[in-house]
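The listed protein sequences derive, respectively, from chains A and B.
Okay, so the first sequence: first residue is 1 according to the numbering used here, each after it adds one.
Okay, so the second sequence: first residue is 1 according to the numbering used here, each after it adds one.
Among the clues, some could well be false.
Cross-link-like lysine-lysine pairs, in silico, BS3-like; alpha carbons within 30 Å at most [said to hold, decoys possible]:
#1 A:Lys186 / A:Lys23
#2 A:Lys140 / B:Lys91
#3 B:Lys186 / B:Lys91
#4 B:Lys91 / A:Lys91
#5 B:Lys2 / A:Lys23
#6 A:Lys2 / B:Lys186
These are calculated hints, taken from the structure and not from any lab test.
There are 2 protein chains.
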Amino acid sequence: MKLYGSPTPAPNPRRVRIFLAEKGIDLPETRIDLMKREHKAPEHLARNSLGQVPTLELDDGETISETVAICRYFEEIQPEPSLFGRTAIEKARVDMWVRRVEFQLMVPVGAYWRHFHPRTAALLTQYKDFGESNVDAYAKGQRWLDGELANGPFITGDAFSIADICALSTVDFAAWIGLPIDPECKNLQAWRERVSARPSASA
Amino acid sequence: MKLYGSPTPAPNPRRVRIFLAEKGIDLPETRIDLMKREHKAPEHLARNSLGQVPTLELDDGETISETVAICRYFEEIQPEPSLFGRTAIEKARVDMWVRRVEFQLMVPVGAYWRHFHPRTAALLTQYKDFGESNVDAYAKGQRWLDGELANGPFITGDAFSIADICALSTVDFAAWIGLPIDPECKNLQAWRERVSARPSASA
Numbered sequence: 001m002k003l004y005g006s007p008t009p010a011p012n013p014r015r016v017r018i019f020l021a022e023k024g025i026d027l028p029e030t031r032i033d034l035m036k037r038e039h040k041a042p043e044h045l046a047r048n049s050l051g052q053v054p055t056l057e058l059d060d061g062e063t064i065s066e067t068v069a070i071c072r073y074f075e076e077i078q079p080e081p082s083l084f085g086r087t088a089i090e091k092a093r094v095d096m097w098v099r100r101v102e103f104q105l106m107v108p109v110g111a112y113w114r115h116f117h118p119r120t121a122a123l124l125t126q127y128k129d130f131g132e133s134n135v136d137a138y139a140k141g142q143r144w145l146d147g148e149l150a151n152g153p154f155i156t157g158d159a160f161s162i163a164d165i166c167a168l169s170t171v172d173f174a175a176w177i178g179l180p181i182d183p184e185c186k187n188l189q190a191w192r193e194r195v196s197a198r199p200s201a202s203a
Numbered sequence: 001m002k003l004y005g006s007p008t009p010a011p012n013p014r015r016v017r018i019f020l021a022e023k024g025i026d027l028p029e030t031r032i033d034l035m036k037r038e039h040k041a042p043e044h045l046a047r048n049s050l051g052q053v054p055t056l057e058l059d060d061g062e063t064i065s066e067t068v069a070i071c072r073y074f075e076e077i078q079p080e081p082s083l084f085g086r087t088a089i090e091k092a093r094v095d096m097w098v099r100r101v102e103f104q105l106m107v108p109v110g111a112y113w114r115h116f117h118p119r120t121a122a123l124l125t126q127y128k129d130f131g132e133s134n135v136d137a138y139a140k141g142q143r144w145l146d147g148e149l150a151n152g153p154f155i156t157g158d159a160f161s162i163a164d165i166c167a168l169s170t171v172d173f174a175a176w177i178g179l180p181i182d183p184e185c186k187n188l189q190a191w192r193e194r195v196s197a198r199p200s201a202s203a
């Protein structure tokens with residue numbers, strides 16, 4: 001089994017690294033050099049026709065891409081510690097929160113990076129007005145999540161899950177590109193300290 | 001159990017309706033009138049703090065939102081016919097394709113609707129240049145999926161799955177807002193005819 005990835009602060013490879021650390025699975029990344037555009041080279045496009053990392057290659061040659069799908073594969077082959085929930089309602093609840101985090105936080109952060117940040121300006125056509133509007137969208141998402149975090153120590157409530165991994169990798173990446181957590185979001189700040197104290201957060 | 005929804009051609013409520021039809025589960029929508037802004041009323045915000053439909057309310061009062069999470073709940077309580085896969089690799093493969101369809105097709109269609117279509121212009125601030133750029137992004141997504149569909153009759157290959165439901169509700173909604181399938185995408189056209197012939201497609 002090979003995990004093609006990149007040791008960047010970008011949320012997607014890091015989500016898988018944190019997930020594997022929480023599971024206690026030792027599978028180092030096989031590095032794809034994004035600066036050398038190795039992810040768009042024919043060799044990697046044969047593994048993932050969209051040229052993305054991370055991509056997981058199984059021993060029979062089949063490849064799985066999309067971060068959460070890769071994590072789900074590891075959850076299925078090694079269910080404990082559970083990070084996607086065990087019962088029907090737990091699984092639905094985790095899936096809901098993964099998607100809420102992705103759509104309310106990760107999407108605006110990604111759009112800001114893609115359409116406003118100077119580091120992507122050289123690579124891609126940007127729509128800067130739209131890009132900048134995501135500062136407000138991300139602020140709104142933070143305030144909403146801050147309110148929800150009054151209900152428990154972790155995103156889904158009492159249990160640490162992949163939803164926390166998605167949120168941590170997003171707020172850390174956002175801070176790295178110039179969008180720190182709103183200091184008025186006290187629950188969100190406390191949650192970030194809580195999950196950052198786990199050994200997996202260094203992945 | 002109550003399913004709050006809306007009888008619109010919008011992809012999210014329809015994804016759940018098609019999914020339930022494929023499962024043979026009879027659970028009519030409890031209608032939320034979007035034109036009357038009932039989804040943003042306190043009564044519905046108590047069910048879903050983001051004010052979205054669909055939202056599923058269980059008999060104990062817990063609510064699940066996010067379309068795919070709702071479908072996953074029904075998959076867990078009634079596994080057959082399987083629409084999310086049975087084995088680890090099948091589950092990962094379906095999850096990958098759901099996400100690929102969502103990010104490569106549904107996101108550009110949604111951004112075009114949100115930021116360019118005249119019907120949303122009256123309701124929300126639009127970034128029209130960005131909105132229009134999604135015509136190309138959707139065209140690119142269609143060509144990519146058309147190539148992938150050379151590998152089998154359905155999105156994941158041989159088996160019909162929730163990934164087909166996600167893709168059908170997206171291309172149908174896209175056509176409804178003025179973005180029909182590219183006639184050069186023959187595999188995609190044939191796939192659409194194949195899945196549209198299933199009784200569930202009328203949901």
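Here's how the hints hold up against the structure:
Taken as a hint, the A:Lys186 and A:Lys23 pair is honoured in the structure, with Cα atoms around 29 Å apart against an allowance of 30 Å. With a CA separation close to 33 Å, the supplied pair A:Lys140 and B:Lys91 exceeds the 30 Å bound. Among the hinted pairs, B:Lys186 with B:Lys91 is consistent with the structure: their alpha-carbon atoms are about 28 Å apart, no more than 30 Å. Straight-line distance between C-alpha atoms of B:Lys91 and A:Lys91 comes to about 13 Å, which keeps the hinted pair within the 30 Å bound.
For the proposed pair B:Lys2 and A:Lys23, the alpha carbon gap of about 36 Å is over 30 Å, so the pair is violated. With a CA separation close to 34 Å, the supplied pair A:Lys2 and B:Lys186 exceeds the 30 Å bound.
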